[in-house]
Structure formats: structure tokens, C-alpha cells
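J.: Sequence:
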Amino acid sequence: MNRRHFLIGSVVAIVAAVAGAFIANRRTALQSASQEAVKALFEREWFSPDQKPISTQDWRNKVLVINFWASWCPPCVEEMPALDKVQGEYNPKKMLIVGIGIDSPSNIRQFIETTIISYPIVLGGLGGNDINKMLGNPSGALPFTVVINAKGDITGRKLGKISEDELRKLIKDAI
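Counting in our numbering, the sequence shown runs from 72 upward without gaps.
Worth flagging that the hints you see were computed from the coordinates, not collected in a lab.
Accuracy of the hints is not assured; some may be wrong.
What the hints assert, rightly or not - Using C-beta positions, here's what the derived DEER-type ranges look like:
no.: 1; residue 1: 105; residue 2: 165; range: 24 to 30 Å
no.: 2; residue 1: 163; residue 2: 209; range: 30 to 36 Å
no.: 3; residue 1: 122; residue 2: 243; range: 34 to 40 Å
no.: 4; residue 1: 240; residue 2: 114; range: 25 to 31 Å
no.: 5; residue 1: 181; residue 2: 221; range: 32 to 38 Å
no.: 6; residue 1: 221; residue 2: 121; range: 14 to 20 Å
no.: 7; residue 1: 178; residue 2: 105; range: 28 to 34 Å
no.: 8; residue 1: 127; residue 2: 189; range: 15 to 21 Å
no.: 9; residue 1: 178; residue 2: 156; range: 22 to 28 Å
no.: 10; residue 1: 240; residue 2: 116; range: 14 to 20 Å
no.: 11; residue 1: 106; residue 2: 128; range: 14 to 20 Å
no.: 12; residue 1: 210; residue 2: 105; range: 14 to 20 Å
We put the beta carbon where it would ideally sit given N, CA and C, even for glycine.
Generate the whole structure from the sequences, applying the supplied hints.
T.: Rendered as C-alpha cells:
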């Protein structure tokens, strides 16, 4: 191979790498979410792991932290103790964390049998992932946390594992 072919190949490889990085960044970058997304969250029919209907009336008029997770997602499982600890620091009548499991009902039931969590867990399934995407996470990547203030406005979002400090700051910003 002569030097010219090597340079052309190198330039093509660099352009392809930059284009790939750009596309990957656009797919995982958070997008804005409308009030329609929050409305859809509250209007969707949600169920507990034991298949009982969940009323979203209990989610209204307080700071609501929605955490999309799955039992097969290591960062999701790793952040659960932080979510649980922070939930314990607030009156559940003023701030509530809800975990929406993007997983099969049997996996979620099995997971919560062995994991102590003080905040409500609901079944999300594929419909839950649609809400995840509507709330500004186009890739549907997990974990994804959304904070909604008492007025129903999205005040914060975090894609990826959230720390206690990050969560407290998002809640403080919503209060």
C-alpha cells in the first residue's frame, strides 16, 4: 500500500468515527419533554408487581421522582439504595419516588422479593418505555430519572446512575 492510499484510508476512518460519535451522541442526548408527556404519565394505567391497579392520584401535588429501571441493569440496581435513602428523608405526602420497572412482571416480582425498597415500584413494560422516551430519553436507556414539581412541571432529569447528592439537588430545585 502506498502512502496516498494510507492517507485516504486514514481520512475515511476518521470521518466515519466522527460521524459515528455524532450519531451516538444524538441518540442518547436528552430531548425536551412536553406537558403532554407528563399528562401521559399520569393518565397511563399502572400496576403494582402483584398486578393491582395503581392510582396516580397519589402522585399528584407533590414533588414526584420517577425512576425508570430494570432488574437486569447494573447501574439501576446500584442506585436503588440512594433512592431508598433519599425517599426516607422526605415526607411521602410532599415528595415521592416511584420506580417504573422496564422489565417483565415476573423479573420485577422476583427482584423485589430479595431487595428491600421503601418507595413504590410499578410495572412499566414496553408502554413504560414509551413514557420514558416521551419524557425526553429517545434511546430508552436506563436508568433514567425525571423530577416533576407539585405543579406538574419537569424540573430535572438524569440519564444514568444518580447519586444521593444529585438526587437531593434535583429535589431541592423542584421544591
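J.: Can you let me know if the beta-carbon spacing of residue 221 and residue 121 is within 14 to 20 Å?
T.: violated, 29 Å
J.: Honestly, do residue 127 and residue 189 meet the 15 to 21 Å range at C-beta?
T.: holds, 19 Å
J.: Look at the Cβ atoms of residue 105 and residue 165 and judge whether their distance stays inside 24 to 30 Å.
T.: Taking Cβ atoms as reference, residue 105 and residue 165 lie about 25 Å apart, which means the hint holds.
J.: Please test the hint of 34 to 40 Å on the beta carbon pair from residue 122 and residue 243.
T.: holds, 36 Å
J.: Is the gap between the beta carbons of residue 163 and residue 209 within 30 to 36 Å?
T.: Check passed, 31 Å falls within 30 to 36 Å.
J.: Kindly confirm whether 25 to 31 Å is satisfied by the beta carbon distance between residue 240 and residue 114.
T.: holds, 29 Å
J.: Take the C-beta atom of residue 178 and the C-beta atom of residue 105, compute their distance, and say whether it sits inside 28 to 34 Å.
T.: holds, 31 Å
J.: Given a hint of 14 to 20 Å, does the C-beta separation of residue 240 and residue 116 actually sit inside it?
T.: Given a distance of about 32 Å, which is not inside 14 to 20 Å, the answer is violated.
J.: CB of residue 181 to CB of residue 221, is that within 32 to 38 Å?
T.: With Cβ atoms ~34 Å apart, the hint holds.
J.: Given the hint of 14 to 20 Å, check if residue 210 and residue 105 actually sit that far apart at their C-beta atoms.
T.: holds, 18 Å
J.: So the hint says 14 to 20 Å: do the beta-carbon atoms of residue 106 and residue 128 match that?
T.: holds, 18 Å
J.: Taking the beta carbons of residue 178 and residue 156, is their distance inside 22 to 28 Å?
T.: holds, 24 Å
Consistency with the previously given hints fails for numbers 6, 10, ordered from lowest to highest.
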